[in-house]
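Since the structure of chain A is provided, determine the placement of chains B, C and D on it from the hints.
Taken in order, these protein sequences are the chains called A, B, C and D. Under our numbering, the first residue of the first sequence carries the number 1, and numbering increases by one thereafter. Under our numbering, the first residue of the second sequence carries the number 1, and numbering increases by one thereafter. Under our numbering, the first residue of the third sequence carries the number 1, and numbering increases by one thereafter. Under our numbering, the first residue of the fourth sequence carries the number 1, and numbering increases by one thereafter.
Accuracy of the hints is not assured; some may be wrong.
[Said to hold, decoys possible] One-sided and incomplete, this derived list gives chain A residues near chain D with beta-carbon spacing under 8 Å: (1) L72; (2) R95; (3) Y100; (4) E104; (5) V156.
[Said to hold, decoys possible] Simulated restraints, written as ranges between beta carbons of each label pair: (6) A:E104 to B:R235: 25 to 35 Å; (7) C:A30 to D:A134: 44 to 54 Å; (8) D:A25 to C:A30: 42 to 52 Å; (9) B:L207 to C:V23: 20 to 30 Å; (10) B:E201 to C:G11: 13 to 23 Å; (11) C:E51 to B:L207: 47 to 57 Å; (12) A:G154 to D:R14: 50 to 60 Å; (13) D:P114 to B:P173: 34 to 44 Å; (14) A:H103 to B:G22: 43 to 53 Å; (15) B:E242 to C:E40: 11 to 21 Å.
The set of hints was computed from the structure by calculation and includes no laboratory data. Quick caveat: nothing in here was measured; it's all calculated off a predicted structure. All residues carry an ideal CB built from backbone N, CA and C; glycine is no exception.
Listed below, chain by chain, are the residues.
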Amino acid sequence: MPEPAGALVARQEGAPEPRPAAAVELRGLGRDYGERPALTDVSVRLEAGQTLAVLGSNGAGKSTLLRVLATLLRPHTGTVSLLGATLPAEAHRVRGRIGYLGHEPLLYRDLSGRENLLFHARLHGVAPARVDEVLAAVGLSARANDPVRQLSRGTVQRLAVARAVLHEPELLLLDEPRAGLDPAASERLEPLIGRGSGRTRVLVTHDVEGALAESHGVLGLRRGRVALEAPAGELDPAEVRSELYR
Amino acid sequence: MTSLASTSDPSAAKVRRGFGRGLVPLSAVTLVAMAVALGMVFFYAPLDADQGFVQKIFYLHVPMALVALVGFIAAGVMGFAHLRSGDRRWDLRSYVAIHISTILAVGVLATGSIWARASWGHWWVWSEPMLVAFLIVFLLYAVYPMLRFSIEDPGRQARSASVFAVAAGAFVPLNFAAVRSAQSLTHPQVFSTTGGGMPGEMFATFLVGLVAMALLFVTLWKLELTAKHAAEQLRAVRRRIEAAADDGDPVGAPVAEPGRPLAGAAS
Amino acid sequence: MLPALPLGQGGAYVAGAFIVFVVLILVYVAIIGAKIARIERELAELSEPVERRPS
Amino acid sequence: MTRAVATLLAKDLRVELRTRESVPAMALFAVCVFVLFHFGLDQDAIDGALAAGVLWVTLLLAAVLGVGRLFVAEREQGGLEGLLLAPIDRTAVWVAKAAALFIFLVALELVTVPAFALLLLGPGLLEALGPLTAILLLADVGLAAVGALVAALAVESRARELIAALLFLPLVVPVVVAGAAATEPLFSGSQAPQELGRWLVFLAIYNALFVVLPVAVFDYLLED
Numbered sequence: 001m002p003e004p005a006g007a008l009v010a011r012q013e014g015a016p017e018p019r020p021a022a023a024v025e026l027r028g029l030g031r032d033y034g035e036r037p038a039l040t041d042v043s044v045r046l047e048a049g050q051t052l053a054v055l056g057s058n059g060a061g062k063s064t065l066l067r068v069l070a071t072l073l074r075p076h077t078g079t080v081s082l083l084g085a086t087l088p089a090e091a092h093r094v095r096g097r098i099g100y101l102g103h104e105p106l107l108y109r110d111l112s113g114r115e116n117l118l119f120h121a122r123l124h125g126v127a128p129a130r131v132d133e134v135l136a137a138v139g140l141s142a143r144a145n146d147p148v149r150q151l152s153r154g155t156v157q158r159l160a161v162a163r164a165v166l167h168e169p170e171l172l173l174l175d176e177p178r179a180g181l182d183p184a185a186s187e188r189l190e191p192l193i194g195r196g197s198g199r200t201r202v203l204v205t206h207d208v209e210g211a212l213a214e215s216h217g218v219l220g221l222r223r224g225r226v227a228l229e230a231p232a233g234e235l236d237p238a239e240v241r242s243e244l245y246r
Numbered sequence: 001m002t003s004l005a006s007t008s009d010p011s012a013a014k015v016r017r018g019f020g021r022g023l024v025p026l027s028a029v030t031l032v033a034m035a036v037a038l039g040m041v042f043f044y045a046p047l048d049a050d051q052g053f054v055q056k057i058f059y060l061h062v063p064m065a066l067v068a069l070v071g072f073i074a075a076g077v078m079g080f081a082h083l084r085s086g087d088r089r090w091d092l093r094s095y096v097a098i099h100i101s102t103i104l105a106v107g108v109l110a111t112g113s114i115w116a117r118a119s120w121g122h123w124w125v126w127s128e129p130m131l132v133a134f135l136i137v138f139l140l141y142a143v144y145p146m147l148r149f150s151i152e153d154p155g156r157q158a159r160s161a162s163v164f165a166v167a168a169g170a171f172v173p174l175n176f177a178a179v180r181s182a183q184s185l186t187h188p189q190v191f192s193t194t195g196g197g198m199p200g201e202m203f204a205t206f207l208v209g210l211v212a213m214a215l216l217f218v219t220l221w222k223l224e225l226t227a228k229h230a231a232e233q234l235r236a237v238r239r240r241i242e243a244a245a246d247d248g249d250p251v252g253a254p255v256a257e258p259g260r261p262l263a264g265a266a267s
Numbered sequence: 001m002l003p004a005l006p007l008g009q010g011g012a013y014v015a016g017a018f019i020v021f022v023v024l025i026l027v028y029v030a031i032i033g034a035k036i037a038r039i040e041r042e043l044a045e046l047s048e049p050v051e052r053r054p055s
Numbered sequence: 001m002t003r004a005v006a007t008l009l010a011k012d013l014r015v016e017l018r019t020r021e022s023v024p025a026m027a028l029f030a031v032c033v034f035v036l037f038h039f040g041l042d043q044d045a046i047d048g049a050l051a052a053g054v055l056w057v058t059l060l061l062a063a064v065l066g067v068g069r070l071f072v073a074e075r076e077q078g079g080l081e082g083l084l085l086a087p088i089d090r091t092a093v094w095v096a097k098a099a100a101l102f103i104f105l106v107a108l109e110l111v112t113v114p115a116f117a118l119l120l121l122g123p124g125l126l127e128a129l130g131p132l133t134a135i136l137l138l139a140d141v142g143l144a145a146v147g148a149l150v151a152a153l154a155v156e157s158r159a160r161e162l163i164a165a166l167l168f169l170p171l172v173v174p175v176v177v178a179g180a181a182a183t184e185p186l187f188s189g190s191q192a193p194q195e196l197g198r199w200l201v202f203l204a205i206y207n208a209l210f211v212v213l214p215v216a217v218f219d220y221l222l223e224d
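If we strip away everything but chain A, and leave its shape as in the complex, we get (with noise of 0.2 Å):
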């Protein structure tokens, strides 16, 4: 029953469906690193427009399940559904509307930050105008035609952030999308990739205190399985970390 384009948060049709469709929907996702199970038995879902933090000590899956949902690693076993789509038969479907910000800022060094956008703005079908949009937002402008190679850390950061939105994604991917930023250049991104974006959001970070701040549920992973999930209201952070980080 094809999902009507864009129409998440309820159906129009008189289909018998339960809930109102959510954005991402995960049961009993499980998935093998080489030999070693990165995650496994993970079950956990995130309603259109909202954020769902995922927190957990280095090595307990956050990256491979965020992978996962940008539809780059299959699941192994269990069942992902991602903006009406399931994975991994119709990830084709989704991939034009997933914002996926990984540690790879996914850019080529030799080109400028403008050639780069252009390159993902045509190949995700999207307007020449939205680069000169999306380098304001994020304060880019002037060094938009330095190549990439001669950009410092934290402006490469900024750049990627703006790849990440440049196709006006439905669904972000955010693994510690904060990492090598000053404040102000934080502040500048919050449109773009904060709850300010009112986009749905899951958020990979080691920042307790801000997760459980921005964002509305929260899932903790330790050894790839689920250690913690609630609400961020009902978690203390001396808690959580005490629980994840032990």
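What follows is chains B, C and D alone, placed relative to chain A:
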């Protein structure tokens, strides 16, 4: 041969059938076929008019070549089946088929050069299409293990290996066509694979030899599959024990978690 | 009653070819043998703690 | 699909123009090989089968350099995931890389063939230029198709350039067989190019196989 994966856990939903079934009868049939073939080669087939006794190598060299080629092409088909179905056992079958075909290819090159020495006086003859084509095929498939071992992630390794198997499998017949058409066929085409010009007894001997070689291939193929599958199951058990150990259970106790058969290999 | 095999000069090569074939098969069996031996060693390693600990 | 291929190809050509890594290196390498052949064969001018062989082997070895570097931009700068995230048919990645390699090979030949005529070729090049161009272009299609597939296969592995070269060379033996056989009469003075048609058909069959095959299996390579 009883099924390999007998499991003590009664709730094991599906006893995983190993690859070992039917290996003993198959080996018996292969042994008989090879004995018959050998007997026919030396006591039934008449001596070749001009080549004399040396021509006997034909009954070994050509069947080995044909079986190796079919093995490479079959490996390509299995690789494609792995890519389509995602079932890693197809990759295992393709891997083993290429392994055996490569070893047979060495045999083809060795027996071919011995035959060239015996009938034309030197070990390597560039104008013999079977030999030249097999050298190229061998050079190509010798890279297969290097490709597999230089990729760590098992999933990606299996996929790259399967894509290689498909491409190389399709290349093999084309390679023969290229080498054959590049040859100016100056000297007598001694062993045309169709064996058109051969008297009845010779052709019969050749066929029996071909069947024997094919049976040998399948036997070795099943043998190695059994060994590799057992090794994989062992690794799965080892991982389960180490995982159990990490989660604070007493070291080394192979805990059969309810519902999950201890010996079930990771799917 | 079996015809004496005209081994002669050509026969050495024929014998050589068949010997090469047998050697190849033996080499292959050795490879598989080594693989099975490794399985046995690993199996022993794994089952050793089990015997120590009567479940 | 064609939009994605055009975008990807434009990016590859822009990166190559910006870094000038592949084509100049391939051309310099080819000329070096000619010098080596001069001393190796101890001949000032060669013709016929020898000349055809030297030209084709040199082109092939230079092509191997190009194949080894095809995915380096994606590999070292994390670009591959950027492509996997885009809503495009993943076979477009192979088509674009093959097209890029084809253009690199044509650029290589524009430099190498005249250099070959100048340094080693006995008989004149002019009258052979027509059929030679047809043979070279047709062969470049096959080399590019196989090169792009092999480069993608090797990109996952640690010993990338080594594996790419060892996979590439055996697979392109038929191209050398047909290319050299078709070129030989062209370099043998005035002889009319007989059997040219047969070899061109052979190259066409080879190209058909190695274009259809990657289209069927390539995107499995990028799955993870």
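Hints, verified against the model:
no., hint, in the structure
1, L72, "6 Å, holds"
2, R95, "4 Å, holds"
3, Y100, "6 Å, holds"
4, E104, "3 Å, holds"
5, V156, "11 Å, violated"
6, A:E104 to B:R235: 25 to 35 Å, "31 Å, holds"
7, C:A30 to D:A134: 44 to 54 Å, "53 Å, holds"
8, D:A25 to C:A30: 42 to 52 Å, "45 Å, holds"
9, B:L207 to C:V23: 20 to 30 Å, "25 Å, holds"
10, B:E201 to C:G11: 13 to 23 Å, "20 Å, holds"
11, C:E51 to B:L207: 47 to 57 Å, "54 Å, holds"
12, A:G154 to D:R14: 50 to 60 Å, "26 Å, violated"
13, D:P114 to B:P173: 34 to 44 Å, "37 Å, holds"
14, A:H103 to B:G22: 43 to 53 Å, "51 Å, holds"
15, B:E242 to C:E40: 11 to 21 Å, "20 Å, holds"
When the structure is compared with the earlier hints, violations turn up for hints 5, 12 and for no others.
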